[in-house]
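The residues making up each chain are set out below.
Protein chains: 2
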Amino acid sequence: MKLLQKKIEEEGIVLSSNVLKVDAFLNHQIDPQLMKEIGKEFAYRFANEGITKILTIESSGISPALMAGLYLETPVIFARKKTSLTLINDLWTAEVHSFTKNETNKIAVSKHYLTERDRVLVIDDFLANGQAVLGLINIVQQAGSSLSGIGIVIEKSFQNGRMLLEEMNIRVESLARVKSLENGKVVFLEEEAVGI
Amino acid sequence: MKLLQKKIEEEGIVLSSNVLKVDAFLNHQIDPQLMKEIGKEFAYRFANEGITKILTIESSGISPALMAGLYLETPVIFARKKTSLTLINDLWTAEVHSFTKNETNKIAVSKHYLTERDRVLVIDDFLANGQAVLGLINIVQQAGSSLSGIGIVIEKSFQNGRMLLEEMNIRVESLARVKSLENGKVVFLEEEAVGI
Chain S
180 MKLLQKKIEE
190 EGIVLSSNVL
200 KVDAFLNHQI
210 DPQLMKEIGK
220 EFAYRFANEG
230 ITKILTIESS
240 GISPALMAGL
250 YLETPVIFAR
260 KKTSLTLIND
270 LWTAEVHSFT
280 KNETNKIAVS
290 KHYLTERDRV
300 LVIDDFLANG
310 QAVLGLINIV
320 QQAGSSLSGI
330 GIVIEKSFQN
340 GRMLLEEMNI
350 RVESLARVKS
360 LENGKVVFLE
370 EEAVGI
Chain P
180 MKLLQKKIEE
190 EGIVLSSNVL
200 KVDAFLNHQI
210 DPQLMKEIGK
220 EFAYRFANEG
230 ITKILTIESS
240 GISPALMAGL
250 YLETPVIFAR
260 KKTSLTLIND
270 LWTAEVHSFT
280 KNETNKIAVS
290 KHYLTERDRV
300 LVIDDFLANG
310 QAVLGLINIV
320 QQAGSSLSGI
330 GIVIEKSFQN
340 GRMLLEEMNI
350 RVESLARVKS
360 LENGKVVFLE
370 EEAVGI
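One line per chain: the protein sequences are S and P, in this order. Add 179 to the 1-based position in the first sequence for the numbering used here, that's all there is to it. Add 179 to the 1-based position in the second sequence for the numbering used here, that's all there is to it.
Hints were generated in silico from the structure; no laboratory data involved. There's no promise every hint is true.
For chains that are exact copies, the list does not tell them apart, and a pair is met inside one copy or across any two.
Claimed, not checked - Restricting the straight-line Cα-Cα distance to at most 27 Å, the calculated cross-link-like pairs of lysine-lysine (DSSO-like) are: (1) Lys290 / Lys200; (2) Lys181 / Lys200; (3) Lys186 / Lys290; (4) Lys285 / Lys260; (5) Lys186 / Lys261; (6) Lys364 / Lys290.
If you're wondering where the values come from, they're calculated on a predicted model, not measured in any experiment.
Please model the complete structure; the sequences and the hints are all you need to start from.
Here is the structure:
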């Protein structure tokens, strides 16, 4: 997605060869017009898939997932990282390990909102080692829902998340694929000729 | 906002005389079409205010804030509840006490995205005791930004948040005002004749 690549080039900050900071438009400040275009693009790529629910994880997945839900005309569920007062019982849960933070957190989705009748699109802001997405897939499987695929805003293609998912024969659509962050520079994988 | 009141009546669950659970469309599962209408309504109520930034707090504030930002054509910032790897320095911070969870958390906003040139609309999902909103206002003040007002999706009018804000001469626009949750029933304050 050229619009997204341009935004990353202009406003992304390479903190190290592993870390791309996009707090300017995705992870802290959000650009609503860009999110709208991202939502449209996900809807275009997963049209005619019979999707009934979009599943993401708080907090940075919510904006792209919400806009995809707007255009696919489906509800959006965000997995909780910890349970809150009004969300206690009847949960599907999974463990998610973060290599960057070196901690494991439980994520949870209410059994009320994900069932065996659902066909699910999982959306997240970043794909790196794939741990968050694997946790979400685990929950989709527990619920007996069918998985349509994974929609990612920014993929760090030099980490092994995509490989793990492809080995499971899961479709992954990443709107920007970052090949390298070496020497403070963002290099993208060549984009397929699809969408915007 | 009649559409929102109807949704609360149909899908909200009264857990106690204090707690209204709206996990079906706002706090866990999200209804994107409803969020779009909510965003439009906030934009309508705060039009011609010269707003340059919308400030909310993760996670449930993000969806209504994002849609308001789409229609007001402004960026949206979500305050972080804890700092992450890529968000460490140059922060405005405030303490927010949660009476329901009986804990105090620090919230943080990057100094890069909120400055004295900004005019800010603060948006949140719920207004109860007003502690989260007061924390966000504190950050707006530290940044030297001007505050246009507060946009709330659901106000629990029987708690003292609105009173605290009105004593500070701050404009509060709540799209649904809940007068009481007694006896398992949602009773609304009469809605002003504005918007949808």
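Okay, which hints does this one fail, numbers in order?
Of the numbered hints given earlier, the structure breaks none, since each of them holds.
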